[in-house]
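Participant: Take the given structure of chain P and dock chain L to it, following the hints.
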Amino acid sequence: MEPVIKAENLTKQFKDIVAVDQISFNVWAGECFGFLGPNGAGKTSTIRMIYGFSPITNGRLTVFGKDIKQHLREIKTRIGVCQQENNLDPDLTVWENLLVYARYFNLDKKTAQERAQEWLNFMGLAHKRTAPIPELSGGLMRRLVIARALIHNPDLLILDEPTTGLDPQSRHQVWEQLWQLKTKGLCILLTTHYMDEAEQICDRLVIMDHGRILVEGVPSTLIHQHIGGNVIEVENPTSGLLDFLKTKQILYENLSHRLLIHSRDGEKLFRQISGEFCTSGCTLRMATLEDVFLKFTGRGLRE
Amino acid sequence: MNLNSPNSELPTFDSRLRTPNYITWRFIRVWQRNWDVYIKTWKINFLPPILEPIFYLLAFGAGLGYFVGRIPYNGRLISYTAFIAPGLLAINIMQNAFFENTYASYVRMYYQKTFDAIMATPLTVEEIILGELFWGASRSLMATTLMMIILSFFGLLDYPWSLGILPVALLGGLAFGSVAMCFTALMPNIESFNLPVFLFITPMFLFSGTFFPLDQFPLWAQALAWIFPLTHVVELTRALALDSPSLQQLWNLLYLLAFCLIALPLSLRLMVRRLIH
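Chains as they are written, first to last, in the working numbering: chain P, 33 to 335; chain L, 27 to 303.
The following block holds chain P by itself, in its conformation from the complex:
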């Protein structure tokens, strides 16, 4: 089987910075593939190359088995794109936005109307049909952007930070709808810096930083491989605890007032530590994707 997207040594260079530095990855039909990374990691630059906004500097990129340099227009007829900003047409209503967009894909009016109604229903927007865009809430706008991206029934949906800036209710609704789309067999590519989002909907993901892919895999496997099952958090750790961990050769991360101990057999170790070394707070929790993310990208703040 041929991958939907195949990138080999994909590189994007702007005037003085290398935004994407020789990355390679495959995205397969029917999966949801995520790009995780801090701001400026190169996620958006990568997907902008995939939906044809940005010419590739070097390397090779094929989508649906076709080279993006030669077949861009053909490829663009089969992908749906939700950019980071809600670029809905504020001069048009909800319904008109969908119909006008369908026309860019050469859908005839009857088909466009049927599809528009179908996706409005699916996205729970049918009651907003005649609403002008500036009256929509952030969550509704985002759902309309997704509906618009689906109007031509694409084989690949690309979302750049689909839930950034949304309230929790709207985020969960968007996830639910993306999940339904995935079960219909749609291939989805998304960027995010929300760990819960990636854990919820991505089958596979890569963590990027400084234009490179640091790690690739299935979320649960990544957590298990790189962190283990649990994390023990100790507030104001004593020097006795640090000595104990060093002699036992247990990995930990020291954040001055808080100690994070990654552990595979968490409960046994937790009982020992909380019994012998803990004075104040000491908690045991499940390892999350955030632990993996911070392990690979560090805790330094980004511009």
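FYI, nobody ran anything at the bench for these hints, they're computed from the structure. Honestly, I wouldn't trust all of these hints.
[To be verified] Dumping the calculated DSS-like pairs for lysine-lysine here, alpha-carbon to alpha-carbon at most 25 Å:
#1 Lys139(L) with Lys160(P)
#2 Lys141(P) with Lys66(L)
#3 Lys160(P) with Lys66(L)
Facilitator: Relative to the frame of chain P, chain L by itself:
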């Protein structure tokens, strides 16, 4: 977008100049989008081309014209009102396309991100801009049509030659729209458009033979005026409106055509440079 250059080096401005995207009829989709928006507020959009000639004719024709008297044109004497009416049509052609493809296109590009949204569809940047340019020219044509109806009521247009003003409106609109689009591609913010309006539109408005005959000028100033595209549009509209087109008008047409052939592709390339990174 560098479609035709496999194994290309860094996509610099120059390499993109050599490999423009091919353009298809799909640009009409952008025109349709703008038409849909325009027609929603048609009452407001129709008003300026109807009222403007009435204001001007009152102020200049009835007011100023009283002092000016008659003006020699092509070996005959005509009223001042008859002299400026084709000038008003020409200015109208210039302004509609120019303002559409500066301020309005800039708002769609920069504030509304409409171009970004369309770029994610099968359309290319070149097709989007071409659609915008034809839309600008169409606005010139529509405004000219409305204005001609009003001027005809005053008996200021001779038919059937005056009908020739309609294709002139389209060609002139394309010329001014293309220049406008070049500015749109280069301007860092919307306030900067004051500069081309002040340095390009205002001098043309005044010194292209619109309100007085060019031969009032010293020779060097006349030569300068012939560089302005508006001078050629005025020549055309006046000759057609006053029923006296001659071979001279063929040169006016050729000038406008040549102007479009330079300015239009240039505007496409400048916009590709602005939008594709």
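Participant: Which earlier hints turn out false for this structure, listed by number in ascending order?
Facilitator: none
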